[in-house]
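2 protein chains.
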Amino acid sequence: MEWQDYLTQNRDRYIAEMLEFLKIPSISAQSEHETDVKMAGQWVADRLKQAGLNHVEMMPTGGHPVVYADWIQEDGLPTVLIYGHFDTQPVDPLDLWDSPPFEPVIKQDRVFARGASDDKGNLFSPITAVEAMLKTSGKLPVNVKFFFEGQEEIGSPQLPDFVAQNKTLLACDLVVSADGLQLSPDQPKVEIGFRGNMALEIRVTGPSKDYHSGLYGGVIQNPIHALTHILASFHDTDGRVAVTGFYDDVREPTPEERQQLAALPMDESELATHLQVPELFGEPGYTAVERGAIRPTLEICGVEGGYQGEGIKGIVPAKAQAKIVCRLAADQDPEKVSAAINTHIRNFTLPGVRVDVINRDGKVGAYLMPHDHPGNIAAAGVLERLYGKAPLISRCGGTIPICSLFLETLGVYTVNFAFSYEDENLHSPNEFFRLESLDRGQRGYVMLLEELARVL
Amino acid sequence: MEWQDYLTQNRDRYIAEMLEFLKIPSISAQSEHETDVKMAGQWVADRLKQAGLNHVEMMPTGGHPVVYADWIQEDGLPTVLIYGHFDTQPVDPLDLWDSPPFEPVIKQDRVFARGASDDKGNLFSPITAVEAMLKTSGKLPVNVKFFFEGQEEIGSPQLPDFVAQNKTLLACDLVVSADGLQLSPDQPKVEIGFRGNMALEIRVTGPSKDYHSGLYGGVIQNPIHALTHILASFHDTDGRVAVTGFYDDVREPTPEERQQLAALPMDESELATHLQVPELFGEPGYTAVERGAIRPTLEICGVEGGYQGEGIKGIVPAKAQAKIVCRLAADQDPEKVSAAINTHIRNFTLPGVRVDVINRDGKVGAYLMPHDHPGNIAAAGVLERLYGKAPLISRCGGTIPICSLFLETLGVYTVNFAFSYEDENLHSPNEFFRLESLDRGQRGYVMLLEELARVL
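Chain order of the listed sequences is X and W.
Quick note: the first sequence uses numbering that gives the first Met the number 0, first residue 0, plus one each step.
Quick note: the second sequence uses numbering that gives the first Met the number 0, first residue 0, plus one each step.
This is chain X alone, in the form it adopts within the complex:
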């Protein structure tokens, strides 16, 4: 039997299996879901064994576990390591979901569930691609290692140590990441860069409890006032980050890079309509594509303090807090940026309250790979066959920590080869994955491994 026929014959089973996988609420950010993340890892490990991989193990990291598997035939063959993650983002605001996030439903050939697009659907494709090859021909064109993690959505805090301690196990000639996007169902892309990521929380503590604003308003510092003074100071009114030193090491795009980005489809007014905002907004001097892909940002992702119920409550609140996520550009050192922000917070701390900064682990530098690397050329060829159209060269504003980590620790680049799309509500309510992307992913992975056997 040809692998193509095997995939076609087993399609219904694959979809049923994917739904089972999506039922596991493997939210890595919430400790109550720790066991669920482990269950998702176990599901992946079992599925790899079923696919015909004989060396499969779930390994501890000190945090959420990883799943490793390999199929090594000959020392002479090049080795490709396939990466993905089985953890998901949190689900709230829950009231905006049309169906429960961990009760997957299929509507119009799309499967709706948290994690469907990011990254369970994508992760599933190479497993089944390898299964199809092993069950039909009994072998693979290259040595394959699988490395799937359960902490991508929290910035992979334990992975730097894990990868450093397992260099031999993970050694390979190229990484292929099954976590990422294509431009549209009609237009593929080769993703050559990601922004880095670092996060921190600011906690402002005032009086020991909420106090009557009639009695203490004007007498003591209000923690929300002190917090918003810090938060508002992070940007100027044009949208530039106003933290001293923030932009110091940012690599400015070359004319060639700006040309590549300008070739990407982008209708600003259409995007504003789609997002339902009055207009796009951001750092002057850069296009919307540049701002979203290669310029660093500082976003306040959450803020809370005081009374949040119905109506009004006249208090000076006890505390207030905010969560900050920075996306980092090429050449920015996450530790240096973190230090600059910490200094900025201290400089903007008002009297009368205590300000604590919780610097989150899992800082990640930006990732950038030559667009003409043999791995990218191979991927581009396969994508052209899958979509009937040559891919554009692209940069993504999101963060895939493992790309920078593998480059720094193992000295290998990561080719990004995944089949999600921006409209699939990644990190948002009603996340979904197109079933046709499972087909493309499965065929694509067989073709890519065959192609890499030739070029590596």
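What the hints contain is simulated information worked out from the structure, not anything from laboratory work.
Since the model is a prediction, treat every value here as computed from it, not as a measurement.
Some hints could be false.
One copy or any two copies: either way a pair holds, since identical chains are not told apart in the list.
[Claimed, not checked] Distance condition first, Cα-Cα at most 30 Å in a straight line; then the derived DSSO-like pairs of lysine-lysine: (1) LYS106 / LYS388; (2) LYS22 / LYS335; (3) LYS388 / LYS335; (4) LYS22 / LYS208; (5) LYS37 / LYS22; (6) LYS166 / LYS37; (7) LYS208 / LYS106; (8) LYS134 / LYS48; (9) LYS22 / LYS134; (10) LYS208 / LYS138; (11) LYS166 / LYS138.
Put chain W on the given structure of chain X with help from the hints.
Relative to chain X, chain W alone:
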């Protein structure tokens, strides 16, 4: 029987009744408690009938109801209207309460419950004082009207219309308010002024839902950024309100007023220790007492937006919002201040989001009464007999909307005669009321009515 003996003999029953009253969760700010507010009003009406008042009625206002009752003997007697409120503040943060807020418990002669001190305990005293006089002597020394409301904690939005439409019913020579504070169990005061109150909410709307900050961070305005830009602009770093025109009409204190306030006990470092803040903080040029009692303030009482769960979520949030309460000084016009803040918000609105302001009803101007008014002289005499110490003249930073309203609409002043203390966690978790304050309140109201019969 003397009224003193009647009160002593019925003390246990009064405490049991007060506990029943405190079990009703009459939170006026939350629509789910609308029926509870009404039930609290019904409890008060029933209790007034039981006390011997023969004309008692609960009256609709368009919002939460009011309870009116009277005992009118002779046209020649002066008429005193006694005021209080049977609604309470919300209860959150619930986790900081040692016992459920609406399951009152007595510990060390204090009753702990939401509303115990503000204002159910105080409201109960004059009802039972009148009962003691009617049951022992069959009459009262003055005509008495009771007027108890159920919307004080939300700024009494329907009361201006109600009072204007019921001028004859409410007509009187003096109002006595059973809502307020004494300085300490050892030191009484005569409260001659309150700050005014106005509230608004700011809602900033960005994209239609939370979006991935890797994909859209830097591309669109973040609603939290736009909100904190507005919020931080409300004050300068010294704590002055930076809204143009905010201080325009504020009456500066006279040397005599500053002397009266300086005579009030205040140890700034002790207060800071009690509140558990590093230091007091506020508008330069004014003492802490002045800042808390007679200077206007703008407090952000609540803020929220984006992800508030555990860990970090990389999003550009869909929306963010804040709640603002201003305490107003003498001569400030609430409508003018509200207009100035609305203009300020428009001036500090950044592009890329929609900003809506919800101006809350129930704006109240500040209240100020001559300290040597006959009503205050009478109250001072009674307080001196109750405490064994002459009262200090004081101003309170809180707001009792009805004082300004009665002055403007009925042309009568309100003497403040109540027995709560600042340490009783008004508006905070673990609110409590001292049982000895019930005794003082009961005796005090009998003595005050007798005294007012002489001076009015």
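Do the hints match the structure? See the list:
1. Taking the closest pair of Cα atoms, LYS106 and LYS388 come within 30 Å of each other only inside a single copy of the chain (28 Å); across copies the shortest separation is 78 Å, beyond that limit.
2. Taking the closest pair of Cα atoms, LYS22 and LYS335 never come within 30 Å of each other, the shortest separation being 40 Å inside a single copy and 56 Å across copies.
3. Taking CA atoms no more than 30 Å apart as the test, LYS388 paired with LYS335 passes in neither setting, with 42 Å inside one copy and 64 Å between copies.
4. With identical chains, the CA atoms of LYS22 and LYS208 are at most 30 Å apart between copies only, with a shortest distance of 23 Å across copies and 41 Å within one.
5. Proximity of LYS37 to LYS22 under the C-alpha cut-off of 30 Å is restricted to the intra-copy arrangement: shortest distance 13 Å within a copy versus 46 Å between copies.
6. Proximity of LYS166 to LYS37 under the C-alpha cut-off of 30 Å is restricted to the intra-copy arrangement: shortest distance 23 Å within a copy versus 71 Å between copies.
7. In the homo-oligomer, the alpha carbons of LYS208 and LYS106 lie at most 30 Å apart only across protomers (21 Å), although the nearest pairing inside one protomer, at 49 Å, exceeds that limit.
8. Within a single copy, LYS134 and LYS48 get their C-alpha atoms as close as 12 Å, which meets the 30 Å cut-off; across copies the closest is 89 Å, which misses it.
9. Only within a single protomer do LYS22 and LYS134 lie at most 30 Å apart by alpha-carbon distance; the minimum there is 27 Å, versus 71 Å between protomers.
10. Proximity of LYS208 and LYS138 under a CA criterion of 30 Å is satisfied in neither setting, with 66 Å inside one chain copy and 46 Å between copies.
11. When the C-alpha separation of LYS166 and LYS138 is checked against a cutoff of 30 Å, the pair qualifies only within one copy, where the shortest distance is 25 Å, while the shortest distance between copies is 95 Å.
Comparing the model with each numbered hint stated earlier shows that hints 2, 3 and 10 do not hold.
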